[in-house]
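Participant: Modelling step: build the complete structure from the supplied sequences, incorporating the hints.
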Amino acid sequence: MYLTARDSRERKDIEVESMAELKMTMVGVRDLVGEGEILGDAGFICESVAVLDRAGPDQLSFVKDKGYFDAARGCSAGALVVPESIDGFAGNQLVVENPHASFGLVLAWIARERRRQPAGIHPSAVVDESAVIGEEVTIGAGVVVREGVRIGDRSVIYANAYIGQRTRVGQDAILYPNVVVMEDITLGDRVVIHGGTVLGAEGYGYVQHEGRHIKVPQVGQIVIGDDVEIGALATIDRATIGQTTIGRGTKIGDLVHIAHNCTIGEDVLLLPSVAVSGSVTIGNHAVLAGRAGTSDNITIGEGAMLGGTSVAFKDVAAGASMWGSPARDKALQMRIEAALSRLPEMQRELRELRKKL
Amino acid sequence: MYLTARDSRERKDIEVESMAELKMTMVGVRDLVGEGEILGDAGFICESVAVLDRAGPDQLSFVKDKGYFDAARGCSAGALVVPESIDGFAGNQLVVENPHASFGLVLAWIARERRRQPAGIHPSAVVDESAVIGEEVTIGAGVVVREGVRIGDRSVIYANAYIGQRTRVGQDAILYPNVVVMEDITLGDRVVIHGGTVLGAEGYGYVQHEGRHIKVPQVGQIVIGDDVEIGALATIDRATIGQTTIGRGTKIGDLVHIAHNCTIGEDVLLLPSVAVSGSVTIGNHAVLAGRAGTSDNITIGEGAMLGGTSVAFKDVAAGASMWGSPARDKALQMRIEAALSRLPEMQRELRELRKKL
Amino acid sequence: MYLTARDSRERKDIEVESMAELKMTMVGVRDLVGEGEILGDAGFICESVAVLDRAGPDQLSFVKDKGYFDAARGCSAGALVVPESIDGFAGNQLVVENPHASFGLVLAWIARERRRQPAGIHPSAVVDESAVIGEEVTIGAGVVVREGVRIGDRSVIYANAYIGQRTRVGQDAILYPNVVVMEDITLGDRVVIHGGTVLGAEGYGYVQHEGRHIKVPQVGQIVIGDDVEIGALATIDRATIGQTTIGRGTKIGDLVHIAHNCTIGEDVLLLPSVAVSGSVTIGNHAVLAGRAGTSDNITIGEGAMLGGTSVAFKDVAAGASMWGSPARDKALQMRIEAALSRLPEMQRELRELRKKL
Chain P
-10 MYLTARDSRE RKDIEVESMA ELKMTMVGVR DLVGEGEILG DAGFICESVA VLDRAGPDQL
50 SFVKDKGYFD AARGCSAGAL VVPESIDGFA GNQLVVENPH ASFGLVLAWI ARERRRQPAG
110 IHPSAVVDES AVIGEEVTIG AGVVVREGVR IGDRSVIYAN AYIGQRTRVG QDAILYPNVV
170 VMEDITLGDR VVIHGGTVLG AEGYGYVQHE GRHIKVPQVG QIVIGDDVEI GALATIDRAT
230 IGQTTIGRGT KIGDLVHIAH NCTIGEDVLL LPSVAVSGSV TIGNHAVLAG RAGTSDNITI
290 GEGAMLGGTS VAFKDVAAGA SMWGSPARDK ALQMRIEAAL SRLPEMQREL RELRKKL
Chain C
-10 MYLTARDSRE RKDIEVESMA ELKMTMVGVR DLVGEGEILG DAGFICESVA VLDRAGPDQL
50 SFVKDKGYFD AARGCSAGAL VVPESIDGFA GNQLVVENPH ASFGLVLAWI ARERRRQPAG
110 IHPSAVVDES AVIGEEVTIG AGVVVREGVR IGDRSVIYAN AYIGQRTRVG QDAILYPNVV
170 VMEDITLGDR VVIHGGTVLG AEGYGYVQHE GRHIKVPQVG QIVIGDDVEI GALATIDRAT
230 IGQTTIGRGT KIGDLVHIAH NCTIGEDVLL LPSVAVSGSV TIGNHAVLAG RAGTSDNITI
290 GEGAMLGGTS VAFKDVAAGA SMWGSPARDK ALQMRIEAAL SRLPEMQREL RELRKKL
Chain S
-10 MYLTARDSRE RKDIEVESMA ELKMTMVGVR DLVGEGEILG DAGFICESVA VLDRAGPDQL
50 SFVKDKGYFD AARGCSAGAL VVPESIDGFA GNQLVVENPH ASFGLVLAWI ARERRRQPAG
110 IHPSAVVDES AVIGEEVTIG AGVVVREGVR IGDRSVIYAN AYIGQRTRVG QDAILYPNVV
170 VMEDITLGDR VVIHGGTVLG AEGYGYVQHE GRHIKVPQVG QIVIGDDVEI GALATIDRAT
230 IGQTTIGRGT KIGDLVHIAH NCTIGEDVLL LPSVAVSGSV TIGNHAVLAG RAGTSDNITI
290 GEGAMLGGTS VAFKDVAAGA SMWGSPARDK ALQMRIEAAL SRLPEMQREL RELRKKL
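Protein chains in written order, with my numbering: chain P, -10 to 346; chain C, -10 to 346; chain S, -10 to 346.
FYI, nobody ran anything at the bench for these hints, they're computed from the structure.
Please note that the accuracy of each hint is not assured.
Which copy is meant is left open, so a pair is good if it fits within one copy or across any two.
The calculated lysine-lysine pairs, modelled on DSS-like cross-linking and capped at a C-alpha distance of 30 angstroms, are [what the hints assert, rightly or not]:
(1) Lys53 with Lys303
(2) Lys12 with Lys55
(3) Lys12 with Lys53
(4) Lys303 with Lys319
Facilitator: The following block contains the structure:
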């Protein structure tokens, strides 16, 4: 999930100008990070950032922990954010408590700079006169804001996004281009939604009548807590009557589907391509790895872990670690998968035994 | 697929104003539903609707069948739509033949009210002068309607949707925001397409030539029957030459993929995240549950059922119920999955037997 | 992946005007294809194209190889593109070396004609004054082109697409409606991106801190080589710091997800619904069939083949053919799947053996 020295392997042939421009002295970096001791030249200018094994003499990189100290000694970086002084590294160092997190702050500053745009409402946006727009809000070209919408201070709505009737967007939220948020949805503060994601389509609800499928209109809502981030092209469906809810701090990947009437807890991780069926409850701090899924009407307990591509067809206990499809206790599933590789052989052995007897 | 008492469990802490506003007397509800006998106060005003266990004294809910009678007796709802008089429920009752369906009509009325918008073409929409637009059509801001398009009466096209050259949209259709319908596509009457869905991208067609992949342009069409509903962010690809067809009344979930040259029958259910490969034929009334899939060039027979996440690699007989990946007869697959849990043990037992002999 | 006689089976009941209009003589077709010998009437006018078993007396079709010669003799097509003269076919023939490829050129001509639109910037597009737009570029209604963008000659940007700051689009590229390409992305020449696809959302990168998930901003880039085609509603995430790269000639299906920091080689095939996790390397000419997937941080070797819905949890050797989830050598996996169907029986047999002893 995070950058490693490996990330940039075999990419050295591609020539593109550095996009991670920083142009900041070591002192500037320390002030930005808010802590740390500078070893070396405090006035050294970090032109940009890079991963450890690609960083050049004018670039800043970071060392996560002791496992990378040897790599650090051999690298060409001009400066490093480090957990402790690294003997044998010739460049400048900023010693901090958590280099990973500190470097994240540097990246956040870069991201903010590269995406900076002036506040204000683009003349081609269509904002209904009944909408209440906060201070320093940015509304891009072609955005449509419907009747009764409220948007909190400093939020940024990118081009061609759509915000339906009576929906509320918190403060400091970001909606990337072409995001669709339908009517009667509540987004918390600092919510981030990446391009093309659709919130509030109608859940898949039909009843059968004489062999035909009759629509059950979905008139419920969606409530998204503070600090939730949602990847690109995800879909979260509105509830039939009540609410589909996503708890504070939960992080949702690209192409995730969350069906109607789900209750997702706080600080949950739903990695890309996860699919959560209707009326599922997921406890706080649970993790569904890439493309994991669930049957409908089940509960995934607090802190439970569902492995990549695993699918839970029944309730998962709090804290459990499950794997496979259908999902089983991870240790058992690992033994099953090992045994499976020998299954054709077992079949042969069994046949021989039966012949003997 | 439909609301149950369970739907709203553990959501009581979230305070949001009721979005399912009704403000209708029992007589009004009966008139809306078109049948039923009122027990209690015919003038009682149902302020809004809610699921059974969350409904308050000014709300209307419903009771599907006898299995919920006890829950109904203990609930606080001011009024209920019921299949027969429930003794011991203190509120007002509307006795109807099919409460599920009748309550659905109430929800449909609410949905219509909440999404109501005036007919007409928004000044920022770009509608080609050769397009033929029916009566009382609504075309939202930023919509693009290309040359030769025809849109039937009363259809609603939401903001920033795109309708390509010569495409025809039937009557009473709804295209939600950012839907893309490319050229030469036919949509029937009452077709509903949720946000961001793309119809008519080119199917995945390449031929290899000296180690490179040469594009086979896809110049066919898509024909979508009446009463088809398609969820958010689904993709249906145009045929290579002929048509990709979706039969009348078929319901397609979010993030479904239907590849080029498929023939999907009538009243088929394709639940969210289903993927149908190229040139597949699916018979009427078949059901592919969540994330089910198919290999290409196969036939799924009429009324066949493919379980959640199951993948058919070869033809499925009409009426068959299949499970697993590769999909097998459901009963067999259930036995296999049960046996798998004992596989490591079987391996050990087999080893012991072989030692003995 | 390509049209067969089967493609159009059972579609004869649907009446739609032919959309694959050609109106070209046999001589015109030969000139378009650039080679071939005409047998029959060189002035015969091919009104449109169709697949073999649906082609009528005024239509052109093609015969891939000898396997279709009997079908050709029985068909009603007015003209055929063929690999050699077919005795017993009454219509006109164009004999070429590779009918498949030649017919593809005819389809390409039709596609170009049907989608033709005048070059120029639509008045409702919002193009920043700092953007550099090439010659004969088409920019549709509602398109947003941000600061510092460069677009190469003859590229076509469809309605409501978004191109972020400093992104470069090559020559002869096509971006279909509602495509989102965020900032600092490089697209090669002749790149085609279908509707709604999102390039450059931030990868799924968080670090845990006191039980909460802290965002690691993703400030890297994406570099897409020449001749890459990307289907509808796919997502490719920007790298954390370096680049996510897609090599020349690689073809990507609908709803594919490529996570941050991946390195995809040249001429790779990623079929629809494939999901590639973070920091994965895929070698040239590898094929991931429909809905195949990978764990993160692994390498798929050059020319390797991962079967439909198969998931690689560890490195795959160059040239290997893998199947299943977890992916195993295809031959072994086939034996396992065959043995699995007998597993319940094996369990019973084993039980009996143990009783005997």
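Participant: To test your reading of the hints: which numbers does this structure violate?
Facilitator: none
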